[in-house]
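**Q** In case you want the letters, here they are:
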Amino acid sequence: MPNVKNWQLGRDVAYPYPESRPKKQWAIVFDLNKCIACQTCSLACKTTWTSGKGQEYMFWNNVETKPWGGYPLAWDVRILEKLGRQDWAGNGEYLGKTLTEAAPPKEWVLHWEPTDEDWMYPNIGEDDCGGGTVDGGAHLPSLPHDKWFFYLPRTCAHCTYPACLAACPRKAIYKRDEDGIVLIDQLRCKGYGECVRACPYKKSMYNPYTRTSEKCIGCYPAVEQGMQPQCVVNCIGKIRVMGFISPPWRARADNPVDFLVHEKGLALPYYPQLGLEPNIYYIPPINADPGYLEQMFGPRVHEAVARYRALPSDPAAVGLLCLIGSTDRIIDRFEVKDGKASGYDADGKELVTVPVSEPVIERPAWDARIGAIRNNTP
Amino acid sequence: MPQFRTISAAATLSWLAACATSSATLVEQAAVPMTVVPVAKVEADLSAPDPWAAYWNASRPASFVLIAQPMVPPRPERVTTDGIQVQAIHDGTRVAFRLRWQDPEVSEAGRLGEYSDAVALQFPVANDRLPPVTMGASGMPVHIFHWRAQYQRDAERGKPDIKDLYPNASIDMYSMDFKDAAGGSKEEREQFNPGVAVGNPQSFRKSGVDEILAEGFTTSAVQTGHGAVARGEWKDGWWTVVIARPLVIEGGSTLREGAATSVAWAVWQGGEREVGSRKSVAINWVPLKVQ
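In order, the protein sequence lines correspond to chains A and B. Using this note's numbering, the first residue of the first sequence is number 80, and each one after it goes up by one. Using this note's numbering, the first residue of the second sequence is number 4, and each one after it goes up by one.
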């Protein structure tokens, strides 16, 4: 029955179609330590793609607070609970069942279906802490303390084995060979909502006005021009980078996404145990609860946290993280040398070069030239 | 079996009674299990579908068993509609089917996660070699007439707008509405309604019944209609839907007096979240006898 290779789980998994990896695979890496939930990404996406009728409730990109937030309501808890135990072996192999393997006999995937009410609270749980209850306001008398939360920005993961694609009875969903972007054919779709039911990340959404289902399109018109998606280039925290990820056996250390995911193990897929090989990757937040992080990112998360803490001694990784957000173009290759990080496109053309450390200039407060005290107060 | 004979005899009596009573009143007759659907000729205008017209007295209701779609996932967990009652008549140019099945509530869909009650009639395009009853096969097309309560709502009250579906929804503006002010086109305004922009039939106001050609699962394609009409009413836990179509549709299916053809059907219970392949279907083709 298992018929496709899933490198995130270290084993083959069951999928209704044979393995067919695209020539290139769209991917985004997010550094969750830097996200401030400003929602600029959500708005950049919204104004670009979903300002029409029937799309009022849609956030193809959203940012939610973990552990309590979720759009739609409790999307993660509900599918995890259905899936049951999710154990990992010491060697990183996933021992539990994936959504396709746990599918009831008459279904393609294990799933639940949100109602409209589940979509009505896109920012529920914002800034609510995990780590025990906080009654009457937070009182944190000592450090370190056990309260934590983090922000989780999410787009469609353009999975290697999409549940939405597997579940569509009309075969209206396809994965592009040129970039791995998963699209719903708006002409073929009949709005059955099977993709809405099947996607565990709940990134397929039904449009009640056009009566078809819609989803994140990976900003493919931009990607085709060598540009990164709107949610990426508008990120004011410069927490994310879009590129093309290789499977580990073809990883290239100078490819920014491959470097962060494969070379350094700094970025991890979220809920890989669902078995879809999702292609959005997260640098885990180092101050969140390790148990929670393991549930979300798998057992390799502890290593990733340790590596992030050790970043000061890793100039290449620091350099790449400085490069992120410095260009609108897709970085095919990067290089860190002489205190500078450079990004190049697929033709080898230099896109941008940034200093790894910003120069610090100290000025005396008294400016003798104008006979006045200067300060930084606007 | 004796019990069946009793029912059958009682039904026959009620049918004879119906035939004998005033032609101005419809008498709901008990349905009997049958293996064919006779299509009686009536002197009536079938261009306007009427589930309660007295001319239905001319057709004895035949009952057929339905099963949960058994072929491809996603499939219904259980049989939600276990049977359908069928009457059929023609007026020389049109054939009308009166379909009745039990459904505890009306489901018209519209909002997120809501699905519509629906019924479909299926005919073979070629009568000499019957296609698989499961929506045909490559090179063996079927011709489908698909009624949905949702489509009827469209026809009667217009395609619902967001305000119809969610009266309390509020939005500052749809930015593309202002395209007109700058001399923009309808196409530009519809850029943010992808289904509309690409011309998906699903995104436009429906007439009540869709005409569809299919060559197997996943292949159904809505066609330009040939004047099929439908009208359904839900009463006391039963849907009664009439679908009327021309007897002869060139390029589609044809029904002719004396010529053999067949029919099949499917029922969806919107309240049970049935849609697409989640449906109750006929076990096999049923021969039609056009009289």
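Since the hints were derived computationally from the structure, they do not count as laboratory data. Every value quoted in this text rests on a predicted model; they were computed, and no experiment measured them. Just so it is clear, CB atoms sit at the ideal spot from N, CA and C, and this is done for glycine as well. A couple of the hints might just be wrong.
[Said to hold, decoys possible] Within a straight-line C-alpha distance of at most 30 Å, the following computed DSBU-like cross-link-like pairs (lysine-lysine) qualify: (1) Lys132(A) x Lys84(A); (2) Lys162(B) x Lys132(A); (3) Lys250(A) x Lys343(A); (4) Lys209(B) x Lys132(A); (5) Lys226(A) x Lys250(A); (6) Lys166(B) x Lys132(A); (7) Lys132(A) x Lys419(A); (8) Lys44(B) x Lys125(A); (9) Lys162(B) x Lys209(B); (10) Lys132(A) x Lys103(A); (11) Lys166(B) x Lys238(B); (12) Lys209(B) x Lys189(B); (13) Lys102(A) x Lys317(A); (14) Lys125(A) x Lys343(A); (15) Lys162(B) x Lys189(B); (16) Lys226(A) x Lys161(A); (17) Lys132(A) x Lys238(B); (18) Lys125(A) x Lys162(B); (19) Lys44(B) x Lys189(B); (20) Lys84(A) x Lys226(A); (21) Lys238(B) x Lys250(A); (22) Lys125(A) x Lys189(B); (23) Lys238(B) x Lys189(B); (24) Lys428(A) x Lys102(A); (25) Lys44(B) x Lys250(A); (26) Lys185(A) x Lys103(A); (27) Lys132(A) x Lys416(A).
[Said to hold, decoys possible] Each pair of labels, with its calculated beta carbon distance range: (28) Ile174(B) x Gly450(A): 51 to 61 Å; (29) Arg453(A) x Gly187(B): 24 to 34 Å; (30) Ile203(A) x Ile174(B): 11 to 21 Å; (31) Asp225(A) x Pro73(B): 36 to 46 Å; (32) Ile203(A) x Pro107(B): 55 to 65 Å; (33) Ala425(A) x Gln194(B): 49 to 59 Å; (34) Ala140(B) x Leu390(A): 54 to 64 Å; (35) Ile203(A) x Glu190(B): 35 to 45 Å.
**Q** Each hint: holds or not?
**A** A quick look at each hint next to the structure:
1. Lys132(A) x Lys84(A): Violated, because 40 Å separates the two Cα atoms, which is more than 30 Å.
2. Lys162(B) x Lys132(A): Measuring from Cα to Cα gives roughly 13 Å; hence the hint holds.
3. Lys250(A) x Lys343(A): Cα-Cα ~37 Å, so violated.
4. Lys209(B) x Lys132(A): holds (18 Å)
5. Lys226(A) x Lys250(A): violated (46 Å)
6. Lys166(B) x Lys132(A): Holds - the C-alpha atoms of Lys132(A) and Lys166(B) are around 10 Å apart, at most 30 Å.
7. Lys132(A) x Lys419(A): Violated - the C-alpha atoms of Lys419(A) and Lys132(A) are around 47 Å apart, more than 30 Å.
8. Lys44(B) x Lys125(A): Roughly 58 Å separates the two Cα atoms, so the pair is violated.
9. Lys162(B) x Lys209(B): Holds, because 8 Å separates the two Cα atoms, which is no more than 30 Å.
10. Lys132(A) x Lys103(A): The hint is violated at about 33 Å.
11. Lys166(B) x Lys238(B): holds (28 Å)
12. Lys209(B) x Lys189(B): holds (20 Å)
13. Lys102(A) x Lys317(A): Distance of about 27 Å is within 30 Å: holds.
14. Lys125(A) x Lys343(A): violated (33 Å)
15. Lys162(B) x Lys189(B): holds (18 Å)
16. Lys226(A) x Lys161(A): holds (28 Å)
17. Lys132(A) x Lys238(B): violated (34 Å)
18. Lys125(A) x Lys162(B): holds (25 Å)
19. Lys44(B) x Lys189(B): Cα-Cα ~48 Å, so violated.
20. Lys84(A) x Lys226(A): Violated - the C-alpha atoms of Lys226(A) and Lys84(A) are around 39 Å apart, more than 30 Å.
21. Lys238(B) x Lys250(A): violated (36 Å)
22. Lys125(A) x Lys189(B): holds (21 Å)
23. Lys238(B) x Lys189(B): violated (41 Å)
24. Lys428(A) x Lys102(A): holds (22 Å)
25. Lys44(B) x Lys250(A): Roughly 42 Å separates the two Cα atoms, so the pair is violated.
26. Lys185(A) x Lys103(A): violated (33 Å)
27. Lys132(A) x Lys416(A): The hint is violated at about 50 Å.
28. Ile174(B) x Gly450(A): 51 to 61 Å: holds (57 Å)
29. Arg453(A) x Gly187(B): 24 to 34 Å: violated (51 Å)
30. Ile203(A) x Ile174(B): 11 to 21 Å: With a Cβ separation near 20 Å, Ile203(A) and Ile174(B) satisfy 11 to 21 Å, so the hint holds.
31. Asp225(A) x Pro73(B): 36 to 46 Å: violated (54 Å)
32. Ile203(A) x Pro107(B): 55 to 65 Å: Violated, at about 33 Å.
33. Ala425(A) x Gln194(B): 49 to 59 Å: violated (30 Å)
34. Ala140(B) x Leu390(A): 54 to 64 Å: At 60 Å between Cβs, range holds.
35. Ile203(A) x Glu190(B): 35 to 45 Å: holds (37 Å)
Going down the numbered hints, you'll see the structure goes against 1, 3, 5, 7, 8, 10, 14, 17, 19, 20, 21, 23, 25, 26, 27, 29, 31, 32, 33, while the others check out.
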